[in-house]
Amino acid sequence: MAVNPELAHNAFQLKREERANLTRLDPTLRRLMIGIGWDVVGFDTEPPDLDVSLFLVDKNEKTRIDEDFIFYNNLKSPDGAVEHMGDNRTGAGEGDDENIRMDLEKIPYEVYRIFFVISIYEADLKKQSFKSVRNSFLRIVNEETGIELLRFNLDQEFIDQPDATAVNVGFLERSGPNWFFQGLGKMTSGGLKEIATEYGIIVAH
35 MAVNPELAHN AFQLKREERA NLTRLDPTLR RLMIGIGWDV VGFDTEPPDL
85 DVSLFLVDKN EKTRIDEDFI FYNNLKSPDG AVEHMGDNRT GAGEGDDENI
135 RMDLEKIPYE VYRIFFVISI YEADLKKQSF KSVRNSFLRI VNEETGIELL
185 RFNLDQEFID QPDATAVNVG FLERSGPNWF FQGLGKMTSG GLKEIATEYG
235 IIVAH
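To convert, take the position in the sequence shown, counting from 1, and add 34; that gives my numbering.
Hints are not guaranteed to be accurate.
In silico DSSO-like cross-links for lysine-lysine, where the CA-CA straight-line distance does not exceed 27 Å [stated by the list, open to error]: (1) Lys110 <-> Lys140; (2) Lys49 <-> Lys93; (3) Lys220 <-> Lys49; (4) Lys165 <-> Lys49; (5) Lys160 <-> Lys93.
Just so you know, the hints here were simulated from the structure itself, not pulled from any lab data.
Based on the provided sequences and hints, a complete structural model is requested.
Structure follows, in structure tokens:
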């Protein structure tokens, strides 16, 4: 999703462990477009295939059903509140590499947080890590106005922990009538499997 740079100029620049009140940034916010991007550099053979996954969890930070795990083989939540727009295998080009659409009014009340994860597909098998990844970010856009509300740049985390194969970027959280985004930037060398297990999902890789 292309956004006019003038509309993105005043976006809140989130830092690691920082929390932003999205509802305060834009009281009209109902529908989000979350863009996640990265560049792949300096790889020897094939570029690492990065995937974006989401975990819709309850107050115990566990998924309620398998379908609360949104990824390339399950692109849409059963209620239609969250939709992953598909996998980008190369990270080529400028701007977003993968997008998620979200209707806040459709998200079930039982869903307390939504975690965003970037991971490398078959990282152990292919001996790949984030050392080949730069310029990674997450941004949140009001889909109805096209205005970018928030941007979280992750490049320093990737530089500091180049052997990691997955990152828990952060989470959306509902608190009363407000929606917040909390930046995490939590890296792991255990891949998507380690993070998924934490939220009650078993994955094959």
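So, going through the hints one by one against the coordinates:
Proximity of Lys110 to Lys140 is assessed by CA-CA distance (about 13 Å); at most 27 Å being required, the pair is judged to hold. Taken as a hint, the Lys49 and Lys93 pair is honoured in the structure, with Cα atoms around 24 Å apart against an allowance of 27 Å. Annotation: proposed proximity of Lys220 to Lys49 holds, straight-line Cα distance about 12 Å (limit 27 Å). Restraint check for Lys165 and Lys49: satisfied, since their Cα atoms lie roughly 21 Å apart, inside the 27 Å limit.
For the hint pairing Lys160 with Lys93, the CA-to-CA distance comes to about 36 Å; that exceeds 27 Å, so the pair is violated.
The structure fails to meet hint 5 from the earlier list, while all remaining hints are met.
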